[in-house]
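**Student:** Residue numbers (numbering that gives the first Met the number 0), protein chains in the order written: chain A, 0 to 259; chain B, 0 to 259; chain C, 0 to 259; chain D, 0 to 259; chain E, 0 to 259; chain F, 0 to 259.
Keep in mind that the hints were calculated from the coordinates and are not lab data. Don't be surprised by glycine CBs; every beta carbon is placed ideally from N, CA and C. Worth double-checking, as some hints may not be accurate.
Said to hold, decoys possible - With the Cβ distance kept under 7 Å, some of the chain C side facing chain B (calculated, not the full set): (1) Phe73; (2) Pro81; (3) Asp126; (4) Ser139; (5) Leu143; (6) Arg167; (7) Tyr201; (8) Asp202.
Said to hold, decoys possible - Residues from chain B that face chain A, not an exhaustive set, calculated with beta carbons under 8 Å: (9) Leu36; (10) Ala83; (11) Asn94.
Number of protein chains: 6
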Amino acid sequence: MYLADEAWPDLEAYFESETLAIVPLGSTEQHGPHLPLATDHLIAEAFATEVAERTGYLRTPTVTIGVSPHHRQFPGTAWVDPPAFRDYVESFVRNLTYHGIDRVVFVNAHGGNVQHLREVGRRLRDDDVAYAIEWMWDESIPDLVDEAFARNGPHAGPKETALIQHLRPELVHDDRFAEARDGGAPNPEESVRVRNGAATFYDAVENSDNGAFGDQTDANAETGAELFDAASDQLEELCEWLAARDWDELRAPERVSREG
Amino acid sequence: MYLADEAWPDLEAYFESETLAIVPLGSTEQHGPHLPLATDHLIAEAFATEVAERTGYLRTPTVTIGVSPHHRQFPGTAWVDPPAFRDYVESFVRNLTYHGIDRVVFVNAHGGNVQHLREVGRRLRDDDVAYAIEWMWDESIPDLVDEAFARNGPHAGPKETALIQHLRPELVHDDRFAEARDGGAPNPEESVRVRNGAATFYDAVENSDNGAFGDQTDANAETGAELFDAASDQLEELCEWLAARDWDELRAPERVSREG
Amino acid sequence: MYLADEAWPDLEAYFESETLAIVPLGSTEQHGPHLPLATDHLIAEAFATEVAERTGYLRTPTVTIGVSPHHRQFPGTAWVDPPAFRDYVESFVRNLTYHGIDRVVFVNAHGGNVQHLREVGRRLRDDDVAYAIEWMWDESIPDLVDEAFARNGPHAGPKETALIQHLRPELVHDDRFAEARDGGAPNPEESVRVRNGAATFYDAVENSDNGAFGDQTDANAETGAELFDAASDQLEELCEWLAARDWDELRAPERVSREG
Amino acid sequence: MYLADEAWPDLEAYFESETLAIVPLGSTEQHGPHLPLATDHLIAEAFATEVAERTGYLRTPTVTIGVSPHHRQFPGTAWVDPPAFRDYVESFVRNLTYHGIDRVVFVNAHGGNVQHLREVGRRLRDDDVAYAIEWMWDESIPDLVDEAFARNGPHAGPKETALIQHLRPELVHDDRFAEARDGGAPNPEESVRVRNGAATFYDAVENSDNGAFGDQTDANAETGAELFDAASDQLEELCEWLAARDWDELRAPERVSREG
Amino acid sequence: MYLADEAWPDLEAYFESETLAIVPLGSTEQHGPHLPLATDHLIAEAFATEVAERTGYLRTPTVTIGVSPHHRQFPGTAWVDPPAFRDYVESFVRNLTYHGIDRVVFVNAHGGNVQHLREVGRRLRDDDVAYAIEWMWDESIPDLVDEAFARNGPHAGPKETALIQHLRPELVHDDRFAEARDGGAPNPEESVRVRNGAATFYDAVENSDNGAFGDQTDANAETGAELFDAASDQLEELCEWLAARDWDELRAPERVSREG
Amino acid sequence: MYLADEAWPDLEAYFESETLAIVPLGSTEQHGPHLPLATDHLIAEAFATEVAERTGYLRTPTVTIGVSPHHRQFPGTAWVDPPAFRDYVESFVRNLTYHGIDRVVFVNAHGGNVQHLREVGRRLRDDDVAYAIEWMWDESIPDLVDEAFARNGPHAGPKETALIQHLRPELVHDDRFAEARDGGAPNPEESVRVRNGAATFYDAVENSDNGAFGDQTDANAETGAELFDAASDQLEELCEWLAARDWDELRAPERVSREG
């Protein structure tokens, strides 16, 4: 069920029987020379839509601008600073609880959002207001992703490429895959500036000249479809698990006592 | 041109030659028993898309969650609190200026956002960072709107109904128009709680039981199409005017001196 | 009753029997070449004083510096930025509730404060702390004001001029009325920069060279006195109405249910 | 010269020739059973007015609500919390600098404001924006004050009583002086809860049952007048000194070097 | 008992039986040419350690960086701005209350921290969360300190010198005592820039060229040891007093009623 | 060189020739039944001290309280909330730049601080103020750590145990190693609550009953010493590399252009 498509009288029953909401979040940032800036928020929205349809759980609109200052050097990257992002998402979710929502799945497709969603989630749980889970599709099927492509990358690599080939093929520049690979960081582990165990970079451009990582020539829509289905299964399972929990299971644990 | 659909190399030329961005903003809030919660952000996005296509100016993704605490009593209304909204939009626009943007049209379709967009716009101009104009479609064609419908309303009335009938007819509950009118505030000026010149309400539900205002039975898709075209002309004209300004024309005026 | 003139033992009885406070707010900003910068706060204070005396309700000191960045270009305009204004007023009112105040009338005479007082008022009501009403004198007698003068203006026009002529004639430069009109924006609707329905200005000086609007030569103290009395009646009525409400009538409404 | 009484054209010359502003600040808080809550802001305003008249320097309106949470237990005490106070005053003064003001005398009559005005003053100086001095009348004539009364007190004692007797005798309850003394803390040094060198109180009521300190029966208007004149001389001298400084003398010192 | 040295199972019993914590705070700032920057935090830590050992009360780690912008001109002075300091200390103490702590002694050895610790303490008490006392060693034995040295100073004077001679003699440059005195402000009351009763300085360097005050040649370790013991007795007494209080004694007083 | 031990004249030469500072940060939080709460800050301080001595670079005092809400359930865990931590560290480092510091190594020994130090580091670099690197000892020698112990853990495992055995053996409860292992999460990968790729926990106690992870019985001081030396070498190398950089190498990269 998609919140924004409904008129309010048609939402009343949901809030009477359910307390879970699916909130998709992504970014609008460079994804190499071959993928659209929308990549992350398209992926998040697609998973949220798919699983909302499968399960009947409520999906909200997608937060499309995320925390992407590290991609700023590439034309068009849009972002908000971390405090603004956290406060916006926190306010959004707190206000959802007005309607009875007390558990949320952040369907997130941007690595740069993770820590901020966790920080917001902690505030909400520590205040005993809501329990939020941050979920990323590729984390849910790590083995499949590893098997699918020889050289993955954390950003704009074959896995994201395949997903957009599956979801929005018209937005993919297939003719730039080799360029993406050769002008970027085909072997991410070699490119990322880590020195003596410490990251010595802040921006993606310091690790990849064109903002892409991995070997994009490996990607294709079929594999994208398979990964999408497999991760959708994972998300579906997670939502069902979360919905089935008693609120008390989700609250912050009590203080520990050695005596017990 | 839609920012999110492009890959970064295809945006470079735009930022070299243009400094204007169109940023659509709306809300996800009750719009009576007959319209989707998305109404405002669908309208904003439609105008932004239309004029971006006509003119070639850059459009960003739509901010879909706005300042709607006054609709909270109706199931599903989503909102962020004003400080979070202002800071999110401000951070978003400030960061756009990294790419050379120095003028922005907020294509806004939610009255509750206006004052906050003006406040953000002032911060940006007073800091000499960017010049932003807040634009609402119905304000641009007030006479047409007045002529089109006998009993308009500030929210979820025939004008918004007609626009959604035109833009997304499948989301309109045509069979609830009479209900919308009769269960709401068909004559807004009679319903709005103003006492001794002062608003004595904070929430829409205090003025309309079902959240709708005006006479929705008057609405139809054809009128919606006409209004859409007429207001699009206005927005196009505004964008062209703004793009043609020298930066110095847009900056805050100097201090006044009587002697001159 | 004026809070600041009393010693604390003489206030105890009030807080035991009443829960209403009148809080006047204005600005210290240019009001054309003929009126003092104090105009707005003098007007607010005069109404608050008059009605406090008539009714016995408690009046607090006047907040004299408001949100007036849009008048900055004229020598002497003082202002605080919106976040500082909101937080100051909110803190002030929240702390009044320590003494049992749970309803407040903001007697406001500066348009630039309105939205901020409404935002603060919402915070207070949504937190179930206090119910605040923002009141402006000219909004309470719109017909009288319209009839009184041929060409009114939103700022430093004949209505404000007449009021100061009545309240503090020694501060009015009667010899500058023609200058105020001719060097300003005698026909405000023609001067205000609105383009395609959008405000394309942020500062008053963009609409009026000398900061005045309307035809000041129409103003006189007698009309000022009449308007003052008429609006005082309105404010008195509002205070009595507010004081007579049960707290439950003032609290935020419950969530809506279609089934009821 | 009083800012608020002037029309803007009459202020222009001041800002062309002078850069100093006098900003009076006080509180609205209990001052024992015999003095009005306005005591501090009346005193601040009186000194500012006197010296503005003597010298021609610009005086702004008075900030009447200060940091007085420590008097909250007494009916009517109004206050704002420290962050709101600091931000309001800072914004007010920063915005004054728009007109060319670069030095400010805070004519402050409330001890609870001191540290906050110093904190604001530091921000302004460290940002190289303005130089502000916090001044309290009794600190400027400590010997006179000591000689004038046998038993002074930090709050609502004979010195403040005498000043209000001089400035606004109609607001003084002369018949409650003995009550003020006997029901309060006639010997402050004995009453203030300090234990092992540490303050163990936060509120005035912990040290004085009726909020007064010292022996009020000693006070009279003549002494008040003398103290007022003497301290006015001090303030006048301070303003002249400050106005005569080069800006470079007022800026933050350079880093120290041992070698020199 | 020192919190940081213990493993968690060994702390459980403390929180079951006690609710007091000792929190040492100081600064890292210039202390003349002869004393280490650590002076204040070493002193605070030494007192906290001594009394925690004597009494068994829990001591936390020391906050070593405080509010010292006024010493910035001297090489090496480290500081945090006041809002950051207040929020850090407030968050630290609020979180201690999770374990049952409801009373705290701030063992503070830096004058610049005092007002901020009081402000934090007020927030905590007004929120009914914890009761915190700010304690400085020299305030607890003012007569002893006065007798010990002919010319004391508020900063880097003989009293602090003697304490570091006692506590960490290897960090004291004994050969620079005369330099400290002669290049600094040997007679503080003559050096501090106060004009017409108002402080006209913000930084220590404006009052002392080398940052030291008083006559350091008077200091010796024996006197330091005596002062340390005497002040430790005071702190011990204060802790025992505080621990013995009922929580109700420590809460904010009720509102005052003249009749009541 | 340790900042806090020096008197200011002895620091001047450093700031004239060097621009690097080493800032140690840790936490005060449970580390299983066998290690002190100080574990992380002791480790950070030890590395910072060692390398400051080896290289002569300046070390500041240690920030001992970090972001540890996830350990709150265990008695004694102290923490500050993320915004307070970030602002405190940011203010501290920004103020160090007053003295000429423009590069910082955060010697951090607490995983919970990492993202916050990176966020602060970004603010500083994006503002062109300073370049900060976050370094954790175990990340610098991952292979050695893996080889050293069969079952490591992210927290309170054998690697941290061995380090404290080396650095502060008297604080280690050797007799509780088996208890630490058996009552905790001996095989972390099996214990950490991850479901469908998403973390479904917020607190350590949800993954380990006693807060420890890994097999502590493997730890010994000799291995601790070896690891300490090896990681110290890494840190030394990092400091030398950073110190040798031109400032321009450390600044944020320019915008990307495809044309180049």
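**Student:** Would you pick out the hints that fail for this structure and give their numbers low to high?
**Tutor:** 3, 5 and 6
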